[in-house]
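Enquirer: Listed below are the residues making up each chain.
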Amino acid sequence: MITCEEATRLMSESLDRKLPIGKRIGLRMHLLMCRLCPRFWRQLLLLKNASDLYKKGMEENTSISLSADIREKIKNLFATDSEKKDSIA
Amino acid sequence: MEENLREKEILNPDNWFKDHGDYLFRYALVRLRNKGIAEDMVQETLLAGLKGKEQFKGQASERTWLVGILKHKLMDYFRKSSRESPVTDFISSEESPEDFFDRNGKWKVKPGAWGSDPADVLENKEFWKTFKECMGELPGRLADVFSLREFEGLKAEEIRNLMGLSTTNLNVLLYRARMRLARCLDTNWFEKNQKEPQK
Numbered sequence: 001m002i003t004c005e006e007a008t009r010l011m012s013e014s015l016d017r018k019l020p021i022g023k024r025i026g027l028r029m030h031l032l033m034c035r036l037c038p039r040f041w042r043q044l045l046l047l048k049n050a051s052d053l054y055k056k057g058m059e060e061n062t063s064i065s066l067s068a069d070i071r072e073k074i075k076n077l078f079a080t081d082s083e084k085k086d087s088i089a
Numbered sequence: 001m002e003e004n005l006r007e008k009e010i011l012n013p014d015n016w017f018k019d020h021g022d023y024l025f026r027y028a029l030v031r032l033r034n035k036g037i038a039e040d041m042v043q044e045t046l047l048a049g050l051k052g053k054e055q056f057k058g059q060a061s062e063r064t065w066l067v068g069i070l071k072h073k074l075m076d077y078f079r080k081s082s083r084e085s086p087v088t089d090f091i092s093s094e095e096s097p098e099d100f101f102d103r104n105g106k107w108k109v110k111p112g113a114w115g116s117d118p119a120d121v122l123e124n125k126e127f128w129k130t131f132k133e134c135m136g137e138l139p140g141r142l143a144d145v146f147s148l149r150e151f152e153g154l155k156a157e158e159i160r161n162l163m164g165l166s167t168t169n170l171n172v173l174l175y176r177a178r179m180r181l182a183r184c185l186d187t188n189w190f191e192k193n194q195k196e197p198q199k
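In order, the protein sequences belong to chains A and B. First residue of the first sequence: 1, per our numbering; consecutive thereafter. First residue of the second sequence: 1, per our numbering; consecutive thereafter.
Next up, chain A with everything else stripped away, as it sits in the complex (with noise of 0.2 Å):
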């Protein structure tokens, strides 16, 4: 029988790749006979699923915005670039 921490590394290996059958039997009967590592296994599934979310509301996030001063260097950069491009041409 493997232990609990044994078992959360497999948990947590096992969102990375297919767990070889022998780990995955010791891993499943592990969470058979255990009470609190079935607990980590539904943390680790919540925090898969909240780290997707967390994602895609900052890419959404219209509150946060390149600030006044990136910006006016950015255009700035922008501004002299095409001038350097244009007079070559």
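Please keep in mind that the hints were generated in silico from the structure rather than gathered at the bench. Each residue gets a CB set at the ideal place from its N, CA and C atoms; glycine is no exception. Possibly wrong hints are sitting among the right ones.
[Claimed, not checked] With a straight-line Cα cutoff of 27 Å, these simulated BS3-like cross-link-like pairs (lysine-lysine) come out:
no.	chain 1	residue 1	chain 2	residue 2
1	B	K132	A	K55
2	B	K129	B	K71
3	A	K56	B	K125
[Stated by the list, open to error] Listing some non-contacts, in silico: residues in chain B with all C-beta distances to chain A over 12 Å:
no.	residue
4	S61
5	H72
6	N104
[To be verified] Residues on chain B that point at chain A, a partial pick, calculated with CB under 10 Å:
no.	residue
7	D22
8	W107
9	P111
10	V121
11	F131
12	G153
With chain A fixed as given, assemble chain B onto it according to the hints.
Expert: Just chain B now, with coordinates in the frame of chain A:
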């Protein structure tokens, strides 16, 4: 005709700011967590876009094209930052979540039950504040691999190649990141917000 319109649009940096600047910034920010670096990335992306605008053929949308450039910049950034100090130093120096277990591998700090339907919390604005804070508490190395895996959605193999990591090391880093995040949410959200006391 349509090609021409696209071409005009892409030549106009004012439109880039208005249409995509903030989006690119947020895209970079969620992956990097650092405003200054995210701003640099946006700047580099837009300049690279301007220089390479002839390559824009209009098959993809302008935004997709710019995001593609930004992704390259981000990957370069992660690749470089991973070279700066060996990961093995980090792994051995860092206080590890293995401390959550006793000598026999049993839970020392018990994981919380997180209620009957923990997914409810995903509707809660306050929860996201806590989530962000917990992300902020992760050491950079852990946050980077977690971000590449869960935000950028790279496969484990892609992250290993990018960062020059062994399978074992990547497993350890992702494991620790998840352990810490789960623990942080447990302490700072679920324990505080659950009415029924946990056993």
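Enquirer: Hint by hint, say whether it matches the structure.
Expert: Here's how the hints hold up against the structure:
A threshold of 27 Å between alpha carbons decides the hint, and for K132 (chain B) with K55 (chain A) the separation of about 10 Å falls inside it, so the pair holds. A C-alpha spacing of about 26 Å is found between K129 (chain B) and K71 (chain B), which places the hinted pair at or below 27 Å, so the restraint holds. With a CA separation close to 14 Å, the supplied pair K56 (chain A) and K125 (chain B) stays within the 27 Å bound. In this structure S61 (chain B) is separated from chain A by more than 12 Å, as the shortest Cβ-Cβ distance comes to about 15 Å.
Even its closest Cβ contact with chain A, about 18 Å, leaves H72 (chain B) beyond 12 Å, as expected for a residue assigned away from the interface. Listed as outside the interface, N104 (chain B) is inconsistent with that label: its C-beta sits roughly 7 Å from the nearest C-beta of chain A, within the 12 Å cut-off. Evaluation of the D22 (chain B) hint against chain A yields a held restraint, the C-beta minimum of about 4 Å falling below 10 Å. The interface hint given for W107 (chain B) holds, since its Cβ lies 5 Å from the closest Cβ of chain A, which is under the 10 Å cut-off.
Because the closest C-beta pair between P111 (chain B) and chain A is about 5 Å apart, less than 10 Å, the hint holds. Because the beta carbon of V121 (chain B) sits about 8 Å from the nearest beta carbon in chain A, less than 10 Å, this interface hint is met. Contact between F131 (chain B) and chain A, as hinted, is supported at the beta carbon level, the nearest pair being about 6 Å apart and thus within 10 Å. For G153 (chain B), the shortest C-beta to C-beta distance to chain A is roughly 9 Å, which falls under 10 Å, so the interface hint holds.
Of the hints listed earlier, the one the structure fails to meet is number 6.
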